[in-house]
Amino acid sequence: MFRTHYRIERKSVVLAVAIMIVASIGGLIEIAPLFTINETVEADPDMRVYTPLELAGRNIYMREGCYACHSQMIRTLQDEVERYGPYSLAVESQYDHPMLWGSKRTGPDLARVGGKYSDHWHAAHLTNPRDVVPESIMPRYAFLRETLLRTAHLPDDLRALRRAGVPYTREMIAHAAADAGAQASPGDDTAGLIERYGEATQVRAFDGDEGKVTEMDALVAYLQILGKLSSAAQAPQPAHIARK
Amino acid sequence: MVSGLTVGERQRGAVILVVLAIIGLVMAAAGAERDDPIQTHGFVILLFSFGVLCLLLKDFDAPEPPADRLESYYDDPIKAGIVLSMTWAVFGMAIGDWVAWLLAFPDMTFDASWASFGRLRPVHTTGVIFGFGGNALIATSFHVMQRTSRARMPDQFSAWFVLIGYNLFCILAVSGYLIGITQSKEYAEPEWYADIWLVIVWVVYLLLYLRTLARRKEPHIYVANWYYLAFILVVAILHVVNNLAVPTSLAAAKSYSLFSGVQDAMTQWWYGHNAVAFFLTAGFLGMLYYYLPKRAERPIYSYRLSIVGFWGITFFYMWVGSHHLHYTALPDWVQTLGMTFSLMLLVPSWIAAGNALATLNGAWHRVRDDATLRFMMMAAVFYGLSTFEGSFMAIRPVNALSHYTDWTIAHVHAGVLGWDALVTFGAFYALVPWLWKRERMYSPALVEVHFWLAMAGVLIYVFAMWNSGIIQGLMWRTYNDSGTLTYSFLDSMIAMHPYYIARAIGGLLFLIGVLVGCYNIWMTIRHPAQRTAPAGDTPLPLPAAPLPANPQPAE
Numbered sequence: 001m002f003r004t005h006y007r008i009e010r011k012s013v014v015l016a017v018a019i020m021i022v023a024s025i026g027g028l029i030e031i032a033p034l035f036t037i038n039e040t041v042e043a044d045p046d047m048r049v050y051t052p053l054e055l056a057g058r059n060i061y062m063r064e065g066c067y068a069c070h071s072q073m074i075r076t077l078q079d080e081v082e083r084y085g086p087y088s089l090a091v092e093s094q095y096d097h098p099m100l101w102g103s104k105r106t107g108p109d110l111a112r113v114g115g116k117y118s119d120h121w122h123a124a125h126l127t128n129p130r131d132v133v134p135e136s137i138m139p140r141y142a143f144l145r146e147t148l149l150r151t152a153h154l155p156d157d158l159r160a161l162r163r164a165g166v167p168y169t170r171e172m173i174a175h176a177a178a179d180a181g182a183q184a185s186p187g188d189d190t191a192g193l194i195e196r197y198g199e200a201t202q203v204r205a206f207d208g209d210e211g212k213v214t215e216m217d218a219l220v221a222y223l224q225i226l227g228k229l230s231s232a233a234q235a236p237q238p239a240h241i242a243r244k
Numbered sequence: 001m002v003s004g005l006t007v008g009e010r011q012r013g014a015v016i017l018v019v020l021a022i023i024g025l026v027m028a029a030a031g032a033e034r035d036d037p038i039q040t041h042g043f044v045i046l047l048f049s050f051g052v053l054c055l056l057l058k059d060f061d062a063p064e065p066p067a068d069r070l071e072s073y074y075d076d077p078i079k080a081g082i083v084l085s086m087t088w089a090v091f092g093m094a095i096g097d098w099v100a101w102l103l104a105f106p107d108m109t110f111d112a113s114w115a116s117f118g119r120l121r122p123v124h125t126t127g128v129i130f131g132f133g134g135n136a137l138i139a140t141s142f143h144v145m146q147r148t149s150r151a152r153m154p155d156q157f158s159a160w161f162v163l164i165g166y167n168l169f170c171i172l173a174v175s176g177y178l179i180g181i182t183q184s185k186e187y188a189e190p191e192w193y194a195d196i197w198l199v200i201v202w203v204v205y206l207l208l209y210l211r212t213l214a215r216r217k218e219p220h221i222y223v224a225n226w227y228y229l230a231f232i233l234v235v236a237i238l239h240v241v242n243n244l245a246v247p248t249s250l251a252a253a254k255s256y257s258l259f260s261g262v263q264d265a266m267t268q269w270w271y272g273h274n275a276v277a278f279f280l281t282a283g284f285l286g287m288l289y290y291y292l293p294k295r296a297e298r299p300i301y302s303y304r305l306s307i308v309g310f311w312g313i314t315f316f317y318m319w320v321g322s323h324h325l326h327y328t329a330l331p332d333w334v335q336t337l338g339m340t341f342s343l344m345l346l347v348p349s350w351i352a353a354g355n356a357l358a359t360l361n362g363a364w365h366r367v368r369d370d371a372t373l374r375f376m377m378m379a380a381v382f383y384g385l386s387t388f389e390g391s392f393m394a395i396r397p398v399n400a401l402s403h404y405t406d407w408t409i410a411h412v413h414a415g416v417l418g419w420d421a422l423v424t425f426g427a428f429y430a431l432v433p434w435l436w437k438r439e440r441m442y443s444p445a446l447v448e449v450h451f452w453l454a455m456a457g458v459l460i461y462v463f464a465m466w467n468s469g470i471i472q473g474l475m476w477r478t479y480n481d482s483g484t485l486t487y488s489f490l491d492s493m494i495a496m497h498p499y500y501i502a503r504a505i506g507g508l509l510f511l512i513g514v515l516v517g518c519y520n521i522w523m524t525i526r527h528p529a530q531r532t533a534p535a536g537d538t539p540l541p542l543p544a545a546p547l548p549a550n551p552q553p554a555e
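Protein chains in written order, with the numbering used here: chain H, 1 to 244; chain L, 1 to 555.
Treat the hints with care, since some could be wrong.
Which bits of chain L does chain H cover? Going by a derived footprint, with three or more residues having C-beta under 8 Å, they are [what the hints assert, rightly or not]:
#1 258 to 265
#2 401 to 408
#3 484 to 495
The calculated label-pair distances, taken between Cβ atoms and stated as ranges, are [to be verified]:
#4 Asp111(L) - Ile8(H): 53 to 63 Å
#5 Gly198(H) - Leu207(L): 25 to 35 Å
#6 Ala495(L) - Thr169(H): 46 to 56 Å
#7 Arg130(H) - Asn480(L): 23 to 33 Å
#8 Arg130(H) - Ala32(L): 47 to 57 Å
#9 Lys228(H) - Ala14(L): 52 to 62 Å
Bear in mind the hints are in silico, worked out from the structure with no lab data behind them. Backbone N, C-alpha and C fix where the C-beta goes; we use that ideal spot for every residue, glycine too.
Okay, chain H solo, but in the shape it has when bound (with noise of 0.2 Å):
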């Protein structure tokens, strides 16, 4: 064995070769597998994808960095599952493009906060989180309040997406735009929104005002669907829980 290596550590080029060769069988035999075997993520044919406005509210999410203190990820744990609710599924996540299921808890799991606060509690709450958490850490974000929202483009995301494999229509894609808008203007015209998007869809003023359509609108959205994408985490679980 070392007379072999002997031989290839005079030789660069082979010995760039193995390297590649060994440092790929990892990577190929526990990812390729993940992409062929089916019972990886379970099959759900009520699982919606996210409205633009959403899709909007996400991207702000990833833009601002919250998953480097917020998990999504409820772990199969006994208090994790007491705390936070039904452990997460890999389909609930089957249409994030990137997941964000985080790696730390600075801050509480996100997974299922959807519907837990009221869209004021979420506006105030990301305006000055002191003001509803006195004893909170989390920075301010006034400032989303402020800043209306860019929808002329988002068309090219849903497109983007598309090509990556979720299942937007081209009339989603086609009326992204509008559709944003109409999500968190109750007053307009959301009669193709629901259409297309299923009536569980929320549509409110999700900042508290009518008026504009801001990031705030957007990011409200997005925390207020989390977890009710697929209702197949609900169904009663398989008892493999780990106790401590």
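Since the structure of chain H is provided, determine the placement of chain L on it from the hints.
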């Protein structure tokens, strides 16, 4: 430095900078049309190219460099790399300490979007890992590949292209986060165009390395080069696969990851953990395997252990990324594989650390007297400790407690401050007098001061985060007698406050140590050369001269 380039190389540089400036201009124009943040990056590229072009044009008309330059190594880009690396260290660590204070006093964000923790945190991680660490790796690899091959690099242009191009990537990354450009993939935040640019830089880097090795006058490739090669090759594979994405438009910064959900999670942590493995471990092991034996004036303890350690690390590491996803929606079989390989990984890791420490046998009096060697010795110790901790944390029930808590932060900083930064400072303190042809560092006493500041800083930091992490983990899972959870999440957060302050103080001490190091390096450079041939550095052999001693493994 420009006058050392041939006229042809200067012209090639000017052409590339002009092309780059045009690309920047096009990006700025296209971005302005859409009112997309990519326009800011267009201007950044334009300004960057213009600035470098100004430096180039200053000495553009200098005469051709003398032909006898080919009889020595080409060290100018290494010197620049060291200065850049220390600059990024100060920047990245200062931001790191600032965000550490933000966690204790959250209202110091001036109500500005760019100043929030979420945007500054990747500035810190990128500044330290890629700015400080990456420049240190590039600079030392240029030194090691030439010395162990006893060959001058094949041209003078490639090294500058790699160094300057890489720093452009770092600047695009860091400036992007501040204005909201991010892929949100941890440790791979830069968007698609910056990623493509890095691929170009990286290919030139690999070719430069292989071309230098091809010119070597030693029959064998020294073990440090295996590690540097693995670093370059595997980081290329990881970078390309993890960053596959669909841009929304060629005139927009935003792209969407090609993979989603569970597959994306596995890919990201396959990348994430192997950025640790091949950027923060393999590359720095290359550094350790050259500078530690050189400074100790001892050969590597065992050639065979080097081989087993190297291939063990190269093979096992690539399996362990899934230990970041224990108890998640990732299938159990992948989690189990990740845990198993994480435990096996301890064997080659400790072989590599033990081989380095055993090399010091017979030189321990030097470790006592020479803070430079002590930096490298402590780095090997921290490497051993944090690889043990890593394997331990990858065990599923341990991970149930440690994951999502500050324990992870303690572990990462034991690795990056204790291992990567210490070995880098040790290597720099050995390298600076060699490169600038000084007898020794300006002040050995200040090296000593830096050593103890670094030691105090990293220990305070790590102990604070261990405490806070374990307390967090325990509070989250504590039940009271009636069978309900005892603590709210907020209770656990309030309990962290004193530890966050202690951590910020530890980080500040470490940062002050780096500033002391910068001053010492600066004064060493400014002081006039005392001797022309510094002791220690391996000279380039003259055609007829016998080969002097080089650090080759024993046996």
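Discussion item. For each hint given before, does the structure comply? Return the numbers of the non-compliant ones in rising order.
Written reply: 5, 8
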